[in-house]
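Protein chains in written order, with the numbering used here: chain A, 1 to 112; chain B, 1001 to 1234.
I should point out that these hints are in silico values taken from the structure, not numbers from a laboratory. Possibly wrong hints are sitting among the right ones.
[Said to hold, decoys possible] Just some of the chain B residues that point at chain A, by a computed CB distance under 7 angstroms:
{"#": "1", "residue": "P1003"}
{"#": "2", "residue": "L1006"}
{"#": "3", "residue": "N1010"}
Beta carbons are placed, not taken as given, at the ideal position from N, Cα and C, and that holds for glycine.
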Amino acid sequence: MSDSLYLDEARDPLIIAEGWMKDGKDVAIATVVETWGSAPRPVGSHLVIDADGNFHGSVSGGCVEGAVVTEAIDVIGSGKAKMLEFGVADETAWQVGLSCGGRIKVYVERLG
Amino acid sequence: MDPYALKTLNAERRARRAAILVTDLGDGRDRIVREGDLVAGDLGAAIAKAFRSGNSGTVEAEGRSFFLNAHLPQPRLVVIGAVHISQALAPMARIAGYPVEIIDPRTAFATPDRFPDVALHAEWPEDVLKRQPLDSYTALAAVTHDPKIDDFALKAALEANCFYVGALGSRKTHAKRVERLLALGARAERIAGIHAPIGLDIGAASPAEIAVAILAQAILAFRSRGLDAKGAAA
């Protein structure tokens, strides 16, 4: 992933996560680690989530963020990282899918 | 993620320095690797490749699974000279993913009218580069033909290890420029890295064609930049 010339600090997920951490919030970081077919966000993209379910960034075009947030709140509670997989053909495993037809793998971990 | 790793990563990104976050997907441990850090074995080779390509991905090494998230600064192009070539170069480079800044103290040239939607500085390069220093993810093209304007920026670009340095002018013009840069204290082996005459040899004739030749040469320099040479120069 390429960072912009001047980081857009107000919208940059990793900068926001650091700010939340400084404010004493519990934070989870979700990262796209693999994609197959047409995936809306490239490998390395982040969604950051706090314990109240506030989030910034994206791991898809908005298709699976809701599910990732739910899982992330779990991860914040347990401290145990999770690997999530989403795909349009995989609706039994997850209740949400990617309408673009691609598949993505998302790693969700707690910050600290 | 280790909070310290996140703080370090963000500090590197703010400073426009390349860094890779390496996460062991088995136990979740992570660390930051900076460009030029030595990492042994297959993992080291994968990290070197990620620094060159800027691509993130999962790699298998030492029987473990690692995720490499490559954070490379956005490459950019600084053009010295608000001339006809620059008018074509600015939009082309922006489309190719290289944001452009143009510096020219001649206020008759550096007008927003001639350069809409471009970061334009009607100031001396000395002043602009003091505020916004060049770095190894910046390309510099000097196209004014005027030593008073070009020379300082060229020397600064060599010192900052810019991934591409090009200067407009014939071989004869460049020979004189080399003498001047030596007199300014630039190192001969660095001066030899200046692309002059500027641009890939595509037989460019018009200002727009020269812009294509410059952009292509800068892209070639970025995509083929060697980490070893960079490390040795640092």
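Tested hints:
1. P1003: Interface hint status for P1003(B): holds (5 angstroms vs cutoff 7 angstroms).
2. L1006: Hint on L1006(B): holds, closest Cβ of chain A at ~6 angstroms, below 7 angstroms.
3. N1010: Given a least distance of 5 angstroms, the restraint on N1010(B) holds.
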